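> The primary structure of each chain is shown beneath.
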Amino acid sequence: MTNPATKPVDINQPAAHLRLVSDRAGDASGIKLLGVSKTYRTRDGDVPSLRPLDFHINDGEFFVVVGPSGCGKSTLLKLISGLLPPTTGEILVEGEKVTTPHGNVGIVFQNALLLPWRNILSNVMLPIDMKRLPRDKYLPRAKELLKLVGLEGFEKKLPWQLSGGMQQRASICRALVHDPRIMLMDEPFGALDALTRERMNVELMRIQRETRKTVLLITHSIPEAVFLADRVLVMTERPGAIAAIYDVPLPRPRSLDVMADPAFTELVQRIRKHFFSQGALD
Amino acid sequence: MAEPKPQNAVSKLLNAAWVRPFLFLVFIVVAWDLAIRIFKIPAYQIPSPLDVVAVLRTEWPELLRQSWPTTYATVCGFLLSALFGIPVAMLIAGSKTVESYVYPLLVFSQSVPKIAIAPLFVVWFGFGIIPKVISAFLLGFFPVVVSAVQGFKSVDPDMVDLARAMQGSRLQVFRAVNLPHALPAIFSGLKVSVTLAVVGAVVGEFVGSNSGIGYVMQRSIGTFDLPTMFAALVILALLGVILFWIVDRIEKLVIPWHVSQREDVIFAS
Chain L
0 MTNPATKPVD INQPAAHLRL VSDRAGDASG IKLLGVSKTY RTRDGDVPSL
50 RPLDFHINDG EFFVVVGPSG CGKSTLLKLI SGLLPPTTGE ILVEGEKVTT
100 PHGNVGIVFQ NALLLPWRNI LSNVMLPIDM KRLPRDKYLP RAKELLKLVG
150 LEGFEKKLPW QLSGGMQQRA SICRALVHDP RIMLMDEPFG ALDALTRERM
200 NVELMRIQRE TRKTVLLITH SIPEAVFLAD RVLVMTERPG AIAAIYDVPL
250 PRPRSLDVMA DPAFTELVQR IRKHFFSQGA LD
Chain D
0 MAEPKPQNAV SKLLNAAWVR PFLFLVFIVV AWDLAIRIFK IPAYQIPSPL
50 DVVAVLRTEW PELLRQSWPT TYATVCGFLL SALFGIPVAM LIAGSKTVES
100 YVYPLLVFSQ SVPKIAIAPL FVVWFGFGII PKVISAFLLG FFPVVVSAVQ
150 GFKSVDPDMV DLARAMQGSR LQVFRAVNLP HALPAIFSGL KVSVTLAVVG
200 AVVGEFVGSN SGIGYVMQRS IGTFDLPTMF AALVILALLG VILFWIVDRI
250 EKLVIPWHVS QREDVIFAS
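In order, the protein sequence lines correspond to chains L and D.
Residue 85 in numbering that gives the first Met the number 0 sits at position 86 of the first sequence; the count goes up by one each step and never skips.
Residue 177 in numbering that gives the first Met the number 0 sits at position 178 of the second sequence; the count goes up by one each step and never skips.
Don't read these hints as lab results, they were simulated from the structure.
Predicted, not measured: the structure shown is a model, and the values here were computed from it.
Treat the hints loosely; a few may be bogus.
Calculated cross-link-like contacts (lysine-lysine; reagent style DSSO-like; alpha-carbon spacing at most 27 Å) [what the hints assert, rightly or not]: (1) L:130 to L:142; (2) L:136 to L:156; (3) D:95 to D:152; (4) L:156 to L:146; (5) L:155 to L:136; (6) D:251 to L:156; (7) L:155 to D:95; (8) L:130 to D:152; (9) D:152 to D:251.
If you want a taste of the chain L side facing chain D, the calculated C-beta under 7 Å gives, among others [as the list claims (entries may be wrong)]: (10) 82; (11) 102; (12) 106; (13) 115; (14) 116.
Label-pair ranges, simulated between beta-carbon atoms [as the list claims (entries may be wrong)]: (15) L:47 to D:174: 43 to 53 Å; (16) D:99 to L:69: 21 to 31 Å; (17) D:78 to L:189: 37 to 47 Å; (18) D:99 to L:131: 34 to 44 Å; (19) L:115 to D:12: 31 to 41 Å; (20) D:149 to L:69: 44 to 54 Å; (21) L:262 to D:97: 53 to 63 Å; (22) D:83 to L:39: 30 to 40 Å; (23) L:39 to D:123: 42 to 52 Å; (24) L:211 to D:106: 50 to 60 Å; (25) D:174 to L:98: 24 to 34 Å; (26) D:109 to L:115: 23 to 33 Å.
Cβ atoms here follow ideal geometry from the backbone N, Cα and C, with glycine treated the same way.
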């Protein structure tokens, strides 16, 4: 997986020219984007959000996207989940072309977005209700997941009775309950305090290792990206394009100590340079 | 650390929810009585509270009998405004096209004084219950629509996306996310609507009716029977309070999870 041969890529290089050794592009599993772009039509004319993107996320990979505000990261997530059609190009999830919501994803947003009228357990069961899957078959799984994230005993509590970190853990359970292949996470820990955030990162890594899901995580934090990722995709400013893709050559399992590793700090520094050459990362 | 306050019987009683408005009511009645005595206001302008109470006692069966048609018209008008108001709000919130066509006209229609057009309903529908119901409906309709539109529109789009990404159908997503989310706003609209429906029903009775509390008021004004008129006012106020309280109870049953109801949840758990 790790590829020490990856060179720092010239950030002005067009995205289509990027071909990395670790990118097993021939594989049908995982997520594949072929020339995917998105332009929003508004009253004031067309607003390009994403320039044509070509990349491939391997099955079971932890793939992290970093980029400045408004670079179309959230659009990318909506495209992959099938909520938005791409303007050009096509997206393949597990070899299937995405046209409508396919349900093979679990989504975690910055806010936990738990429904305040449902208790924690039935919030976790929301995807089961939406997909009309048998409730009694998935109820044990939901309870199992809550146990996995340390929320055992909170099943009957209402969301507001839980702390922000606990709510976010419940929303991770909700993203996993229907056993999707892919987890899409849009700045999942952005609303949490720094200490909780670090703990959640460690926990997320453990959950990913145990469930072997393909994870696409979007973040503003470069250290968080390097800490979590197998590969980090750096995006340019709007309209978003690929500035570079980096392999993270750090062994797993990782603990927070890895942040002191010279390889870690060097990669963080290298990614940070992209944003300083483009302007501030806000 | 503050010392815990001693919980004696008097302070407990003062903390009961119904006692405070009751005490305030007593204060107002006393002030009313005093004002009449001090400023020597003649009884044909403002009757004294005791006169009103006397009428309430002697005329009670008649007043009760007359309050049924008013209650009936109010409840029918209110139910109609909920029945039409909520779906209309759903359409307005759900479609930009519908909103652009309907909403401005709806607001415009609100600036037409309904009291002025109430006689028209008598011309169309006669002296029966229908003009009263329509008048109650027209007054109750608008607050329901405005609040419900606001409720439906304030749903977090990410939450809807989340449910849609799980392949929920439009109806499923609406029932699981949009509707429950809008309920608190809908209920605040319903509470305004139910009190306005009372006004609407009475207006309907003013312009053309031979029964109901509005009719009693009209008649007693005609004969300068102010105590009866004030007694009718008291009945109307009671009717409004009771109907409001019923809606409030239903709200507590339907949305026990909402912020405004949380105290009860803590006690329950």
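> Against this structure, judge whether each hint is valid.
Outcome of the hint check:
1. L:130 to L:142: This hinted pair holds, its Cα atoms lying about 18 Å apart.
2. L:136 to L:156: holds (22 Å)
3. D:95 to D:152: OK: residue 95 of chain D and residue 152 of chain D at ~11 Å, within 27 Å.
4. L:156 to L:146: Satisfied, since the Cα-Cα distance of roughly 14 Å is no more than 27 Å.
5. L:155 to L:136: Holds, at about 19 Å.
6. D:251 to L:156: holds (18 Å)
7. L:155 to D:95: violated (39 Å)
8. L:130 to D:152: holds (25 Å)
9. D:152 to D:251: The hint holds at about 22 Å.
10. 82: Residue 82 of chain L check passes; min Cβ-Cβ to chain D is 5 Å, inside 7 Å.
11. 102: holds (4 Å)
12. 106: With Cβ-Cβ at 5 Å, under 7 Å, it holds.
13. 115: holds (5 Å)
14. 116: holds (4 Å)
15. L:47 to D:174: 43 to 53 Å: Given range 43 to 53 Å: violated, Cβ gap about 37 Å.
16. D:99 to L:69: 21 to 31 Å: holds (29 Å)
17. D:78 to L:189: 37 to 47 Å: Given a distance of about 46 Å, which is inside 37 to 47 Å, the answer is holds.
18. D:99 to L:131: 34 to 44 Å: Holds - the Cβ-Cβ distance for residue 99 of chain D and residue 131 of chain L, about 35 Å, lies within 34 to 44 Å.
19. L:115 to D:12: 31 to 41 Å: holds (34 Å)
20. D:149 to L:69: 44 to 54 Å: violated (28 Å)
21. L:262 to D:97: 53 to 63 Å: holds (58 Å)
22. D:83 to L:39: 30 to 40 Å: Since the Cβ atoms of residue 83 of chain D and residue 39 of chain L sit about 36 Å apart, the hinted range of 30 to 40 Å holds.
23. L:39 to D:123: 42 to 52 Å: holds (51 Å)
24. L:211 to D:106: 50 to 60 Å: Holds, at about 56 Å.
25. D:174 to L:98: 24 to 34 Å: Given range 24 to 34 Å: holds, Cβ gap about 25 Å.
26. D:109 to L:115: 23 to 33 Å: holds (32 Å)
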